Structure formats: structure tokens, C-alpha cells
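As a plain string of letters, each chain reads:
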Amino acid sequence: MKVRYSYLPEQFAHPDEILAKIREHLATCRFTLGPEVEELERSFARVIGTKHAVGVNSGTDALMLSLRALGVGHGDEVITAANTFIATVGAIAATGARPVLVDVTPWFTLDASKLEAAITPRTKAIVPVHLTGEPADMDAILEIAQRRSLAVVEDACQSILAAWRGRNAGTMGATGAFSLHPLKNLNVWGDGGVIVTDDDALDRKLRLLRNHGLASRDEVAVLGYNSRLDSIQAIVGTWLIPQVHDITAKRIANAEAYDRGLRDLAGVLDVPPRRAHVKRVYHLYMLRATRRDELHRHLLERGVEAKIHYPIPLYRQEALRHLGYESGAFPETDRQAAEVISLPADQHLTAEQIAHVIASVRAFYGAR
Amino acid sequence: MRFEVPYVDFPAQFRGAARETLAALETVLARGEFILGEEVAAFEKEFAALCDAEHAIGVANGTDAIVLVLKALGVGPGDEVVTAPNSWISTAAAIVHTGARPVFADVGPDQNVAPAKVDAAIGPRTKALLPVHLAGRCADMRALLEIGRRRGVPVIEDAAQAVLAKRDGGRAGSMGLAACFSLHPLKNLNAAGDAGAITTNDAALAGKLRLLRNHGLVTRDEAAVWGFNSRLDALQAALLRFRMGQLEAITARRRRHAARYRERLASLVECPMESPGELAVYHLFVIQCDRRDELKAFLEARSIETKIHYPVPIHLQPAAAALGHERGDFPVAERQASRILSLPVHQFLEDAQVDRVCSAIEEFYRQ
Numbered sequence: 001m002k003v004r005y006s007y008l009p010e011q012f013a014h015p016d017e018i019l020a021k022i023r024e025h026l027a028t029c030r031f032t033l034g035p036e037v038e039e040l041e042r043s044f045a046r047v048i049g050t051k052h053a054v055g056v057n058s059g060t061d062a063l064m065l066s067l068r069a070l071g072v073g074h075g076d077e078v079i080t081a082a083n084t085f086i087a088t089v090g091a092i093a094a095t096g097a098r099p100v101l102v103d104v105t106p107w108f109t110l111d112a113s114k115l116e117a118a119i120t121p122r123t124k125a126i127v128p129v130h131l132t133g134e135p136a137d138m139d140a141i142l143e144i145a146q147r148r149s150l151a152v153v154e155d156a157c158q159s160i161l162a163a164w165r166g167r168n169a170g171t172m173g174a175t176g177a178f179s180l181h182p183l184k185n186l187n188v189w190g191d192g193g194v195i196v197t198d199d200d201a202l203d204r205k206l207r208l209l210r211n212h213g214l215a216s217r218d219e220v221a222v223l224g225y226n227s228r229l230d231s232i233q234a235i236v237g238t239w240l241i242p243q244v245h246d247i248t249a250k251r252i253a254n255a256e257a258y259d260r261g262l263r264d265l266a267g268v269l270d271v272p273p274r275r276a277h278v279k280r281v282y283h284l285y286m287l288r289a290t291r292r293d294e295l296h297r298h299l300l301e302r303g304v305e306a307k308i309h310y311p312i313p314l315y316r317q318e319a320l321r322h323l324g325y326e327s328g329a330f331p332e333t334d335r336q337a338a339e340v341i342s343l344p345a346d347q348h349l350t351a352e353q354i355a356h357v358i359a360s361v362r363a364f365y366g367a368r
Numbered sequence: 001m002r003f004e005v006p007y008v009d010f011p012a013q014f015r016g017a018a019r020e021t022l023a024a025l026e027t028v029l030a031r032g033e034f035i036l037g038e039e040v041a042a043f044e045k046e047f048a049a050l051c052d053a054e055h056a057i058g059v060a061n062g063t064d065a066i067v068l069v070l071k072a073l074g075v076g077p078g079d080e081v082v083t084a085p086n087s088w089i090s091t092a093a094a095i096v097h098t099g100a101r102p103v104f105a106d107v108g109p110d111q112n113v114a115p116a117k118v119d120a121a122i123g124p125r126t127k128a129l130l131p132v133h134l135a136g137r138c139a140d141m142r143a144l145l146e147i148g149r150r151r152g153v154p155v156i157e158d159a160a161q162a163v164l165a166k167r168d169g170g171r172a173g174s175m176g177l178a179a180c181f182s183l184h185p186l187k188n189l190n191a192a193g194d195a196g197a198i199t200t201n202d203a204a205l206a207g208k209l210r211l212l213r214n215h216g217l218v219t220r221d222e223a224a225v226w227g228f229n230s231r232l233d234a235l236q237a238a239l240l241r242f243r244m245g246q247l248e249a250i251t252a253r254r255r256r257h258a259a260r261y262r263e264r265l266a267s268l269v270e271c272p273m274e275s276p277g278e279l280a281v282y283h284l285f286v287i288q289c290d291r292r293d294e295l296k297a298f299l300e301a302r303s304i305e306t307k308i309h310y311p312v313p314i315h316l317q318p319a320a321a322a323l324g325h326e327r328g329d330f331p332v333a334e335r336q337a338s339r340i341l342s343l344p345v346h347q348f349l350e351d352a353q354v355d356r357v358c359s360a361i362e363e364f365y366r367q
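Chains as they are written, first to last, in the working numbering: chain A, 1 to 368; chain B, 1 to 367.
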């Protein structure tokens with residue numbers, strides 16, 4: 001049985017409704033910004049529960065523009081998690097600031113107990129990453145940020161509709177950055193991103209920054225970027241937003257099925273404990289596994305397209321060498337890079353496919 | 001307000017090719033490959049050939065194209081890049097975003113940087129020259145490349161408005177170390193959203209740019225350099241491939257309108273002329289004239305839509321305040337800013353509409 005990681009062909013097997021809308025749109029030709037983007041922004045803000053949402057070119061740009069809007073630039077430092085996707089630190093570096101990494105917890109998110117030690121007089125912001133769809137420890141992070149007068153930009157790229165004590169990911173910091181990349185829980189047909197905020201002034205600034213800083217066609221208030229969500233992508237996103245609660249519920253149900261099916265393998269698998277105050281939305285169903293690489297090969301042979309997020313810790317990447325971190329500086333991150341594996345968990349999986357994945361994992365460890 | 005002679009006519013572009021446009025989108029949809037992949041690779045190959053260049057790299061937009069090239073060349077804080085003060089704001093913004101300082105060189109009568117002024121603007125910190133092929137006319141690349149060679153500074157073309165343009169036997173996109181194109185909906189070759197491309201004949205630079213546009217990733221798991229997310233969407237690449245097939249006809253049509261304007265208006269206003277060996281593609285047809293604002297209002301009252309590219313030079317924008325310029329620093333660009341007017345020149349205009357614009361301008365100056 002084949003259990004593939006990308007489900008785009010199934011998701012868009014019947015695109016007629018979207019294509020009809022795109023056809024209508026192509027005839028009107030409002031390709032940059034305009035009513036389609038505004039509609040997505042309204043729906044997105046409503047779903048997340050913020051006052052504003054700003055459509056941008058990607059999740060990476062959502063982070064970069066948020067930091068720029070908060071005044072982060074050359075000479076500053078921004079703290080983030082050591083085990084994130086390269087884009088989080090890439091966005092920090094793109095502002096001219098220096099990324100400062102902090103090790104993570106068994107839940108794959110920034111370890112707040114190590115946060116204060118990383119703060120220096122140059123620190124301007126903290127970017128907690130809600131990796132896999134599980135919010136970071138926002139109680140502690142927000143408390144420290146407030147006490148030390150630091151801005152918080154949430155990297156919510158993998159965590160639409162995840163929640164910490166009932167508060168949605170992306171709504172707790174100054175801004176929340178979301179990705180609409182084709183592989184995300186809420187996805188479009190290309191690159192896309194959204195920034196959410198309740199702050200009117202930040203919202204205005206972000207709208208300037210994403211569109212060349214233009215106050216009007218001819219007046220440039222600040223030096224901005226070109227980072228707009230395409231109208232075509234906004235149409236796809238708006239079409240999908242009504243489904244996002246169902247997508248989330250289905251992914252959570254799939255994860256629960258994995259939890260149940262793998263529970264007794266606790267000796268060889270380490271699934272982070274589920275916590276009552278956390279709503280995790282399983283962009284990734286990620287766990288640590290004994291003999292991970294062998295398990296990975298075994299699953300691929302059985303048609304299960306499992307993935308590794310991410311096998312090389314950021315601080316060991318060539319691109320970060322100049323930051324000067326020593327080998328072993330982030331032991332939990334190292335351990336995860338060596339042991340994590342992500343099982344397909346998307347909303348298009350059938351019960352049979354999930355059963356096949358569970359059976360394949362169990363077979364590898366000689367369990368029935 | 002609906003103009004009888006509109007400045008742009010997107011609906012006409014879609015009406016003429018609705019079936020092909022949707023088919024292009026469906027190709028990508030059926031493959032389910034939305035990020036880079038086969039479609040973008042095919043576009044890049046075809047676009048490079050179109051520009052007489054060896055490599056093309058699809059990126060998110062024309063602004064990013066400049067940022068990425070400058071980053072690839074190692075331009076950063078403390079460096080300077082020489083460019084034109086009369087371009088679209090993002091030419092200068094792209095320089096600022098690398099941490100470098102834009103240094104402006106005043107322009108000539110053709111609205112492109114004057115080579116002698118560029119030479120004078122080069123200093124010990126200059127890391128690149130960034131001439132702009134404004135309106136679809138190539139800057140004097142022969143002179144600029146000679147200056148670049150003599151002073152040891154690479155020349156990057158801002159070719160955002162100049163796809164297919166030529167000068168002295170060289171095609172826009174093939175003359176500098178690299179060239180930056182915008183494929184924005186308003187451009188001669190346009191996507192249905194933001195899109196851009198970079199061309200270069202330097203294989204190492206092309207490789208670096210491919211890394212920079214995709215998070216610096218050598219493989220899915222290995223980041224070699226700090227990168228960006230600046231990819232041309234596969235959907236847009238498919239549409240661009242279709243439209244590339246029409247570009248010669250589009251350009252010919254724009255050149256025909258330009259010639260018609262020149263024939264009737266050259267005695268009344270200053271029209272863009274082509275020097276021997278020059279092929280302009282008329283992304284814009286910019287006249288320079290007296291009583292510009294009055295003329296614009298007069299044409300508008302006759303349902304003719306015109307634009308100004310651009311009324312405020314970059315060095316006088318509030319955003320550029322930190323550069324410390326004042327009025328009078330670039331007198332030619334400043335004078336032109338008060339005299340330039342862009343007439344409709346798009347490929348969907350009929351000859352009769354062009355004639356109507358000419359007649360209205362004649363009427364205005366006869367008053």
C-alpha cells in the first residue's frame with residue numbers, strides 16, 4: 001500500500017470551483033492586492049481571531065516583515081529555536097540582525113528555561129517557533145519578553161489553529177507569521193504567507209512594507225519590499241479557509257490513531273506527552289525513534305513516505321558557521337536531529353493507510 | 001472612471017487568450033508541482049534564450065531580483081551601488097535592503113544614466129553599477145561596461161522594463177554581469193501576479209542565485225548560505241511560457257504605436273528617439289513637454305488616460321531622507337520629473353486610438 005507524503009493531487013482533484021473563480025478574476029485583472037486579497041485577509045483574521053491579517057509573499061517574508069516593522073535591523077539580535085526550518089533564521093538574517101539560537105524541549109519547541117541566558121543588550125525580539133503545529137511555552141516566553149521589554153513574533157507557519165491555553169497560535173505575540181505554502185495545513189498553489197496582529201499601527205506599517213513603502217502610487221513613506229500575496233493565490237486560500245477546521249480535526253484524529261496504535265512501543269518510540277492545555281494541529285506527526293534511519297528505510301520500502309524534519313541541526317549548517325556555535329552546544333536539538341521522524345498525517349489519509357503505517361512501524365520493531 | 005483610450009487593457013489580454021491562459025494553469029495543477037520544478041525550469045531555459053543569455057533564474061519579483069544579485073555579489077553594509085535617481089523606487093530600496101547605500105548619477109536627455117556622471121560617482125566603496133533601462137530603452141551599456149572594466153566594478157542591468165530591448169548589438173539581459181527583470185502584470189511580458197527573473201552568463205553566479213532564492217538550500221536538508229524565499233510560482237511560469245510566444249508581436253505592436261506618435265508629435269513635444277543600433281521596446285512611451293500637468297488634465301477630459309513615471313525622483317522621496325539629498329542635486333532628473341508624461345502605448349490599442357491621442361495633443365498646443 002502506498003502512503004505518500006504530498007496529498008495535493010487528491011486535495012485539488014476537483015478544482016472546477018476554484019478555476020471558475022480564477023477565470024472570473026483573470027478577466028478583471030486585479031492581479032496585485034485588490035478585493036481578492038482583502039477578502040482572504042478578512043476571512044483569515046476571522047478564523048484566527050485577530051483584528052488584522054496582511055497577505056504577503058511567503059511565510060519567510062511574514063517573519064522578515066514583522067521584524068522589520070518592529071524596527072529590527074543591523075546590529076540587533078533575535079532569539080529563536082535551534083531546531084527550526086532554515087527560513088526562520090534566514091528571515092532574521094535578512095533583516096541584518098544576528099540570529100541567536102536556544103535549545104528546545106522534548107515537545108520540539110523553544111526551551112524557555114534557557115531563554116534568559118541568551119538575552120543580551122542587543123536582543124530586540126524573540127521568535128518562538130510553534131514547530132509541527134505545537135505551540136511553544138508561551139506563558140514563560142511572554143512573561144520573560146514583557147519583563148525584559150522584548151518583542152515577540154510568533155513563527156506560526158506550521159500551526160494554524162493550534163492553541164495554548166485556548167489562545168490561538170499567532171495571536172499572542174506582537175504579530176504571528178503564517179505560511180500558505182502548498183504543504184501547509186492551509187495551503188495555496190504557490191508561495192504565500194499571512195501576518196496577523198491586533199495592533200493598528202503595526203498593521204499599517206506592514207501594509208506599507210509589503211508594497212514598496214507606498215503611501216500612494218507616487219509617495220514613498222518608508223523603504224519597503226515587494227512582498228504581496230498574489231490575488232490568484234488569495235482566491236485559492238479563501239476557497240480553502242472554510243475547510244480549515246475540518247482539516248485540523250482530521251489531522252488531530254489521525255494523530256490520535258497513531259498515538260493509540262504506537263502507545264505500547266514506548267520503549268523504542270518517544271512520542272512527546274500530550275498536554276491538556278495545548279491544542280496541537282499536527283502539521284507534522286513527529287516522534288523520536290530508536291534506529292531512526294533504519295526505520296525510515298523500512299517505511300519507504302513499505303510504501304510509507306515518512307520524512308525527517310530536519311536531519312542536520314541549523315547550527316551545524318554551512319550557512320551558520322560564522323555564528324561560531326560549537327559542536328554539542330544544543331544537545332536536545334542534536335538528539336532530535338538524529339532521532340526524529342514524521343509520519344504522514346494529512347486530512348486525505350484513509351483509515352486503511354493509517355493502519356498500514358502503524359503496522360509497518362510495529363513490524364519494524366517486531367511487535368504485532 | 002472608464003477611459004476610451006485606457007493606459008492599460010488587461011481584460012483585452014485575457015479575452016484574447018482565455019482558453020490558453022486557463023490551460024496553462026491546469027497543466028501545473030494536474031502535475032501538483034507548485035514550487036519550482038519542471039515548469040519553472042522550462043521557463044528559465046526559454047527566458048534565457050529570449051534574452052541571449054546563458055542562464056535565467058525565476059524569482060518572486062523584479063525587486064527581489066536586484067536584492068538577490070547584489071547579495072550574491074557580496075554587497076552589504078558599508079558598500080555603495082551607483083544607480084539612477086529617476087527609476088521606480090524599488091531599484092534604490094533593493095540596494096538599501098542589502099545594507100548598502102545607493103549613490104545616484106544624474107541622467108541624460110534619454111532619461112538613462114549619463115556615463116560620465118556614473119564615472120564621477122564611483123568611489124572606493126562602490127561595489128556595483130546598476131544602470132536602469134528605463135521605459136524599455138537600454139542605457140548606454142557600451143560606455144558603462146567600459147567604465148566598469150576600467151574602474152573594476154561589475155555592471156548589473158535593471159532591465160525590469162526592457163525585455164527584448166537592444167543596443168549596439170547587445171540584448172537587455174545579456175550585457176552586464178547579470179540583469180534583473182520584472183514580470184509584473186503591467187510589464188510587456190507579464191504574469192498574473194508578481195514574478196521576476198534574473199539572467200546571467202556566469203555559471204557560478206547562476207548557481208549562487210539558485211541557492212539564494214530558495215533558503216540557501218543545496219539539498220532539502222543542507223543550507224550552504226543564508227537565503228531568502230523568492231521563487232517564481234510554477235503557475236506564473238506556465239502562463240509566462242505561453243505569453244513569451246506572443247512577445248515579439250506585442251513588441252512590434254508597441255513599436256508601431258511609438259513610430260506613429262513620433263511621426264505626428266516630434267515637432268510639438270520631445271519624443272523618445274532611437275539611435276542607430278538601438279531597439280526600444282516601449283514599456284512606456286514617455287514624452288517630455290511644457291505645461292505637462294495641464295496637458296494631462298486636457299487629455300483626461302477627452303477620455304485619454306496618461307501616467308507619470310515618476311513624478312517624484314527617488315532622492316526627494318521621504319523614504320530617502322536619510323541619504324541627505326536636496327533639490328538641485330540631480331537637476332536633469334528633477335527637470336524631467338516635471339515634464340514627463342507617459343502616453344498609452346500597449347499592444348491592444350488601435351491605430352485610431354493612437355491618432356486620437358495625437359490629435360488631442362496637437363489641439364492642446366494649438367490653443
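Don't read these hints as lab results, they were simulated from the structure.
The model shown is predicted, which means the values in this text are computed figures rather than measured ones.
Hints should not be assumed to be uniformly reliable.
A partial selection of chain B residues facing chain A, derived with a Cβ cut-off under 10 Å [what the hints assert, rightly or not]:
1) ASP194
2) ASP233
3) LYS307
4) GLY324
5) ARG327
6) GLY328
7) PRO331
Even glycine gets a Cβ: it sits at the ideal position worked out from N, Cα and C.
**Item:** chain A contact restraint on ARG327/B - CB to CB distance below 10 Å
**Value:** Cβ of ARG327/B sits 16 Å from chain A, so the hint is violated.
**Message:** Just to be careful: measuring from the Cβ of PRO331/B to every Cβ in chain A, is the smallest value less than 10 Å?
**Reply:** With Cβ-Cβ at 20 Å, over 10 Å, it is violated.
**Asked** Hey, does the ASP233/B contact hint survive, CB to chain A under 10 Å?
**Response** Check passed: Cβ of ASP233/B comes within 3 Å of chain A, closer than 10 Å.
**Prompt:** Does the CB of GLY324/B sit less than 10 Å away from some CB of chain A?
**Reply:** violated, 15 Å
**Message:** Please check whether LYS307/B passes as an interface residue: C-beta within 10 Å of a C-beta belonging to chain A.
**Reply:** This hint holds: LYS307/B lies near chain A, its Cβ roughly 9 Å from the closest one there, short of 10 Å.
**Asked** Given GLY328/B was flagged as interface, is its beta-carbon under 10 Å from a beta-carbon of chain A?
**Response** violated, 20 Å
**Message:** Quick check on ASP194/B please, does its C-beta sit within 10 Å of some C-beta on chain A?
**Reply:** holds, 6 Å
In summary, the structure is inconsistent with hints 4, 5, 6 and 7 from the numbered list given earlier, while agreeing with the others.
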